[in-house]
Amino acid sequence: MAALRHKLSSKFERHVSDQIETMPDEELFSFHTYNADEGEKTAYSNYSYWRSTLNSFKKNKTAVILVCLVVGILLFTFIQPLLPNQYDPNLVNNDPSTGIQYRNIPPYILTLVGNTDYPEIKETFWFGTNSIGQDLWARIWTGTRNSLLIGIAVASIEALIGIIAGVLWGYVRKLDWFFTEVYNILDNVPQTIILVLISYMLKPGIKTLIFAMCITGWIQMARFIRNQVLMIRDREYNLASRCVGTPTRRVIAKNLLPYLVSVIMLRMALSVPAAIGNEVFITYIGLGLPTNIPSLGQLINDGRQLMMSASLRYQLIFPTVVISIVTISFYIIGNAFSDAADPKNHI
Amino acid sequence: MNKKEIILSAKDVEVKFDLRGQILTAIRDVSLDIYHGETLAIVGESGSGKSVFTKTFNGLLDKNGTISKGELIYNGEDLAKYKKDRQWLKIRGHEIAMIMQEPMTSLNPLKSIGDQIVEAIRIRDRKISYSKAKNEAIGYLSDVGIRNPEDRFKQYPHEFSGGMRQRVVIAIAIACKPKILICDEPTTALDVTIQAQILTVLKEMKEKYSLTIVFITHDLGVVANVADRIAVMYAGDIIEIGTTDEIFFDPRHPYTWALLSSMPQLGIKGNDLFTIQGNPPNLFTEIKGDAFAPRNPHALKIDFLKRPPYFEVSETHKAKTWLLDPRAPRVDKPKGIMALQDLTAN
Amino acid sequence: MIAYLAKRIGRSLITLFFIITLVFILLRQMPIEGYFENFDKLTDEQIQVGLEQMGLTDPMPVQLANFYKHLLHGDLGESRRYRANVAVTEILAKKVPISIKLGSLSILVSLLCGLPMGILMAKNKGNFFDKLGTLFIVFIQAVPAMVYYLFIQLYGTTIIDVPLLFDASKPLCWVLPVFSMSLGNTAYYGMWLRRYMVDESTKDYVKLARAKGVSEGKLMKNHIFRNAFVPMIQYLPTSFLNTVVGSIYIESLYSVPGMGGLLVDVIKKHDNNMVQAVVLLFATVGVIGLLLGDIMMTVIDPRISLSKKGGGR
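Residue numbers (our numbering), protein chains in the order written: chain U, 1 to 347; chain P, 1001 to 1346; chain B, 2001 to 2313.
Hints in this document: simulated from the structure, not taken from any laboratory.
No false leads were slipped in.
What follows is a list of derived Cβ distance ranges for each label pair:
id: 1; chain 1: B; residue 1: Glu2090; chain 2: U; residue 2: Leu83; range: 53 to 59 Å
id: 2; chain 1: U; residue 1: Asn227; chain 2: B; residue 2: Leu2005; range: 22 to 28 Å
id: 3; chain 1: U; residue 1: Leu69; chain 2: B; residue 2: Ile2159; range: 31 to 37 Å
id: 4; chain 1: P; residue 1: Ser1131; chain 2: B; residue 2: Leu2072; range: 50 to 56 Å
id: 5; chain 1: U; residue 1: Glu123; chain 2: B; residue 2: Asn2038; range: 41 to 47 Å
id: 6; chain 1: B; residue 1: Pro2171; chain 2: P; residue 2: Ile1023; range: 54 to 60 Å
id: 7; chain 1: P; residue 1: Pro1109; chain 2: B; residue 2: Leu2005; range: 20 to 26 Å
Even for Gly, the Cβ is constructed at its ideal location relative to N, Cα and C.
One chain only, chain U, in its complex shape:
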């Protein structure tokens, strides 16, 4: 590549020197027809914010792979029950000959990698079974689906309420006092405590969990949006745009939105792992989902109780591996997108 460029440029140079040699002095020193447009030519003019964002995001290979991974996992959690030979995640599997539960059957996939002591049963439990004979494979995918949906729901609701409240907070001056006080109070209390309190009071369930997590989470987003709204009036470049007569709509679209979107996306992407982590926490203190709604927190908590026994540790390891992959992916994707969306990182 470099060699080619060098070749081209030297060719160009030769072309130039040819011209100088062949052109008579009178011509060389004659006026060039002045063309005002020529002076306007620079490389910076055809800049598009979204294209640059997408381009610099695409350059981050890790993030792109992780996006595919997360989308793949999410899709698979929906496809998995439709595949042939799948178990119901809540079904307690019994040995048909004895009627005894298939307790703690080791994962079948271990036999594929050389661990051969899989019990001689007709059934195939890919990730083994838990202590009451439920299929861990099915429970993990259902649990991942539930955890991811909780995370995504929390992130979306927080963003939605946060944006609406933030815009009101910023634009309606009479509400400023109210929201500021709410913020001061909510920001002063440990979030976890509110989470515990609400989960303690309400009936355990997905809705309770989502509600308990959203009740504090929106305020940070709202405050951020509010500060941005205030900036619409105050920032110098926005003021400058307005002086030149740019309509407010365009100021918002061109100056504000790019910055806003990057931070909203970052916050949403980080809300997902946080919500998944909170679910683990709430389950651990005994206020989590009922057992017939599997979640990653529940699986980890179940696995924890057996972790001291090496042969049963798989029941902890599978869900922790899945939860780590999912949370780390969201975290990295969020950061990568926010970096990509930052115009400072565009050339």
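Guided by the hints, dock chains P and B onto chain U, whose structure is given.
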């Protein structure tokens, strides 16, 4: 200032920046001699490389920038070969000090201004006691025209106004006892009245501490008052250099003409102010010929093909434009500039 | 300065009042079984008598007033189901010191590890150490704490031979809990210090200091680190909160007899009075943490002391 002694000499300096894999040539083969005791102004629009060029003098280029070619001779040493920080520490401050554009941000907000001056004193004089250094620092503060220096010594930057902060910055620079003082647009961020005060302070300091001043600005109006010589920079090259009189009254490069024509002082009431059409060239790509040619209404064909060399107008005055070639057609200076002569003559 | 402090403390008190009232009212809505040791065996009459004795049948404002009256006398009621009829304060008095010790030790360890980590990362920005540190930070921040707490317990207990039951008098027993709890804050301090130092190092005053000949080492120490450390103070409250959450996990995992473990126990036992007391105590820790952060900020940053400072951070 008849017998001129060169204090710093730049020869064919080229500076390149690596911006995420793309190479930007910010300074293109610049040669410049700075004489002892003079005030040299470097004039140019933003992005012309004037700041970058002076940053090579004390090794303050951003990390992705390098001097890729050329020499910078100071005290018999070639600064362009300096690699290590340790080498630069001998130059910075005590030999070449610097004042920056933004007085509001160029002081550490969490240190008292006194401590920041004392820090500068202690760099060149490690053994000095704090009380001695403090007395010296108070002296510098009153030098730059700060009243009640003893009280203000203890104060923090946020307790000073912009103009006062710039005085503090000058005091810090003076405290280094430099030979060369680089002033990078020191008045740009200030009100016009404050600008004049800061220029006066700089002139006084120059006399008192016999400094050589390199003054970077885009404002020719400021330059007229302070400079002995002017170097005009465009797209990383000094395209014309001469004494202040020569540049103002006998400019030769079309860019200098354009620059002078766009001075607000020259505008005639009711008429549109002259503006230079177009944008400076893209420094990511190699520039052929005269960088100003695409924006130059008087451009010759050769301007697009071959870079002009310096043509000497006088012993002190030279310009890089093919218009000075004997083969070139005669081009008259714009009328506005002729008016400048009349304006000052009256 | 004084006016600001008074205002700031006043705000904290109002917040506390608000939280206490809210928590109190909310918890009154809970099923009444949380007030009796052996609810299932009691007759309806006995329950009614019990409720009246405890003043739970009074109108809400009266209950609230009584609660505040008792609170001012340092009385938080009695535990019913966790330990029948023992004063809540008596239980807390035994638990609080051990939690404070665990919490402060872990914050100390976090500072000792997190700050050097941040400095190292900022100094080597973009290089190996920076990447290694980022990897650690991403892992700690993204993965639910429970996951690595469990694996530390799992492998830690086999590496250093510690008894399964926590014994406060054995220093070895403290190692794993303190280490686990410090991880979150270590990552937090490291991340923010790095970010602030990188930010500071591009500021104009650093350029000016460099131009006057300050060496890179001194520049790091006297300017960049100093200035980057000041905004770090505002994260002290958050690290208090992190510690609170950490303690809930860690203390119950290692059966450390502290506040965090207590919360899990009393929730599982549905002891309303105890839940209320622990929740209030944690909320108070949070509020005081934020207050301390703001006060330290005014003391350390000369720019804040005289100017007015709006609500929140």
